[in-house]
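Following the hints, position chains B and C against chain A.
Those protein sequences? They're chains A, B and C, same order as listed. Everything in the first sequence is counted per this note's numbering, starting at 116 for the first residue and increasing by one. Everything in the second sequence is counted per this note's numbering, starting at 978 for the first residue and increasing by one. Everything in the third sequence is counted per this note's numbering, starting at 13 for the first residue and increasing by one.
Everything labelled a hint here was simulated from the structure, so no lab data went into it. Take the hints with a grain of salt, since some may be wrong.
[Said to hold, decoys possible] The following label-pair restraints were derived from C-beta to C-beta distances:
1. 1610/B <-> 120/C: 16 to 24 Å
2. 195/A <-> 1632/B: 31 to 39 Å
3. 105/C <-> 175/A: 17 to 25 Å
4. 140/C <-> 1633/B: 24 to 32 Å
5. 1633/B <-> 120/C: 20 to 28 Å
6. 187/C <-> 1610/B: 35 to 43 Å
7. 1614/B <-> 28/C: 46 to 54 Å
8. 1610/B <-> 37/C: 50 to 58 Å
[Unchecked claim] In silico contact screen, one side only, chain B against chain A (beta carbon under 8 Å); selected entries:
9. 1609
10. 1620
11. 1621
[Stated by the list, open to error] Among the chain A residues that face chain B by a calculated CB cut under 10 Å, a handful are:
12. 137
13. 174
14. 220
No residue lacks a Cβ here, since even glycine has one placed at the ideal position from N, Cα and C.
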Amino acid sequence: MHLAYPAVLSALLFCTGLYGVLARRNAILVLMSVELMLNAVNLNLVAFDVWLSKAAEETLHSGQALTLFTIAVAAAEIGIGLAIVLAVHRNRGTSDIDRLRDTAEGREPDGPDTDTLATGAAGEKAEATA
Amino acid sequence: MTTTTLAVLVPLLPFLGAAAGLLLGRSAPGFVRPLAVLPTLAALVLAVLVMARQGGGRAVDAVTELTPTGSVPVELALHIDGFAALVAVLVGTVATCVQIYSTGYLRDDPRYASYAALVSLFTSAMFLVVYSGDLMVLLVGWEVMGICSYFLVGHYWETPEARAASLKAFLVTKLGDVPFLIGLLALATEAGSFRITEILGAVAGGSVGHPTVIALLLLAGVAGKSAQFPLHTWLPDAMAGPTPVSALIHAATMVAAGVYFVARLLPLFEASRAAMVVLAVMAAVTMVGSALAALAQDDIKRVLAYSTIGQLGYMTGALATGDRGAAVFHLLSHGAFKALLFLAAGVIIHAAGTNSLAAMSRMRGLRDRVPDAFWTMTVALLALAAIPPFSGFFSKESVLGAAEHVATGHTGHAPAAAGWTVLVAALITALLTAAYATRLWLLAFRGTGAEAPDHGRQPVAMNAVLWVLAVPSLALGGLTFRLLPDWFDDNDLTPALTTSVLGTGVALVGGIVTYAAWRHTTALADRTPLGAVAAHPEGDAALVEAEVIASHRPAYGNLASAPDPSDPGRLLLGPVHRHAAAGFHLDAVYSALFVRPVLAGASLVRFLDREVVDTYVRAAGALPRLLGAAVRRAQTGNVQTYVSALLAGTVVLAVAAVLVATGA
Amino acid sequence: MTLAAASHGFLSPTGVEIAFLLVGLVTFGAAVLTVTTRQLVHAALWLVVALGGLAVEYLLLTAEFIAWVQVLIYVGAVVVLLLFGLMLTRAPVGRSPDADSGNRWAALTVAAASAAALVWVVVDAFRATWIDLDGPAAGSTAVTGASLFQNWVLPFEALSVLLLAALVGAIVLSRRAKAERTAGPPAAGPPAAHGADKGGVR
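Okay, chain A solo, but in the shape it has when bound:
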């Protein structure tokens, strides 16, 4: 089999995931897109590992090992990510990424925690001095 098939598929999947990360509004959909990107990488790793284990006598199977690691890390990531999204949703009442704009320029601090207050004030101060 030509290596180009899995490689191109991987590239396309990666870019699809990229689009999702950039365009989706819901944080969980963004996480799904991240999963797509990770899987695209996994496909790449597996394909190259298969190719190298035959062509270059590479016996470590590093590609497959890394794929497994990636899967594990992705599982951890999705766990932590969902926890964060849930916490944000609980605090802000929304999980829409484009509404989480605390770092926007000239934004009034509206969060309950003092951190956003402090950063908001600092931002205002910076604007005043500028």
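Below, chains B and C without anything else, positioned relative to chain A:
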């Protein structure tokens, strides 16, 4: 001590007195009066000594060069001839009298210390001008006088008139000083020296290239300082200063500096016939115009101010006829009687509580209130009107005689046209001078109506000074032309019969006509009550004067004249009166010609600055601000936007890297 | 692009290749639907399809262990977790018109550009590379297990620590929010509502 040492001490003593007065004025008020009077008095004594030693003989010259100063050396030089010695004595006398008078006049003035120090400094500067043999050093004194004049005229700076007058005096004299400085530099370049003796030598040798240009440039400065047409307008306004200042600065000394300067450099002016004609025309216009204006003034001090301008016109007229002896002679006698007139006027203003002749003419018995001022002022007015045997007669006769000499072609010093101009103008002015002197006397001392207010006796310091000055006003002329002819270039100053008769005749005519007019109009005075009186029996004279100056415009609607139908000047001048009272509208002309264009230019510059230049500045600020706002808009807080931009950049970089790597 | 590349450079496809291509198309289509569908739950289901397709691709590449792990972990655990997340955040069931943010066109541009760049580079680099799938399977459970426990033991154990840390982290994240809520409802409640209000307004 040598004569040189004495002469150096003469300007130095008042200067040290001024410095000490300024330093100690706050901390030791008790020393202020001695520090004001004594150095000036000592300078007077020394000046008399210098005069005695100089003796009218050869000029005393002493030079020292402190440091090399480039191409044309500036040296500390003394050049004391007979003129310098006599003028220095006059300056010393008047300054001493003024300082003594001021101790009474500004008795309670809180700013007396600085005032006295400035008068001392002024005296010192005038001495410097008189004695200096180097034009640059002379210029130093010249300019110090200008700035002192500014401060002293503005002594009552609480009143807007005084503020305006001080600024006007400063600006107008400076307007003349600029060409004066250029003229001095040009002269020094031509002659190779600032020394008067060397310049006169160069002029005699014919090595001064452009005498006309230089003389005209210098004339501008002289016109400014000596209040000659067309730069005389500051002098009447400068009457907003205290009366002693008017006596010292604007009658006897500072305005004499210009005349004295021309007298010193007369050969230079004689080298240019054009300059002499200009001088003659200037003198004639000044004389006649100022005499007419004096006849129309209501403020007693303004009458005297215009009279000063006219008498200075006599002096420049004498200079225009090439007779500096006559000019300085008139300068001396005029200095004496004009100082007396001003000081007596100060007493009268204090006693009457007004400076308005119209108000005085409605007071009975003012002369009994101030007998000293009455008698001395009578003497001084007779001197002013050139009635023999008062000093003004002899000096004015010498001027008339000099003009007649030139007019009839007896001398080659000056063109005959200049002589005729001066002679005719001088005779007309003699008539007018007698007229306004008579008017002043009649209105001030022969008033009818309510009893003059009793403000108590005048201070002794003020009255005594009047009698001191009355002596030279009475006798200086007669003595001078007999005893001191060799001080004046050996000129014969004896009155000639023709001009004596002519001059005295027109003076008498002027006086009699005015008297007749006064008799005719004085009945009107009772019918039209007029006048405002400032009464401060317990205050000093300066307080009264400041109030009087400030109240003249509100009381009479005008700074210069009053709507008084009983004024004989109004009858005599007829339709001219209105223009004469306003100084022939010269101020209005200046306002139209210079002030308004300058103001318009200023507003144009202001517009350019605010609207054009500032637009660039504001744009320079606004553009980065705009760009900053545009960039700030990218800071949306949306993480996805950031990542999009980041990845777009990454893609571009990666493609570029691949293209470079593959060599495409 | 894939089709074009295959038809131009690869005129005689083998059976495996055809199968890979077909499954790849399905996978890609499912992935595209995942990121474009307006129904959030459908997105999760299309993700299942895409991930399952990838598992098939692994099988076709003779990596059977990875394939089963993929099915177990992704399809079995991750997607379920995501669905839980969707439901816990009260995601709307049915079409939501605002599933995509305003950044969509910029995202599309960036994605298309990077896709073009990547495909171009990959095709340019590997169009002549051939994977020999014959012989012993490269990714059988035996081979993978041997390599994993011979050569990759230490990272494998470190990975377990990572997972533990993630587990603890997830618990802590959830618990802290809960502790705040129980500690002070008046302190935490109104600001949250306030934030929601603000979000709603904006």
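query = Can you list which hints this structure breaks, lowest number first?
reply = 3, 8 and 13
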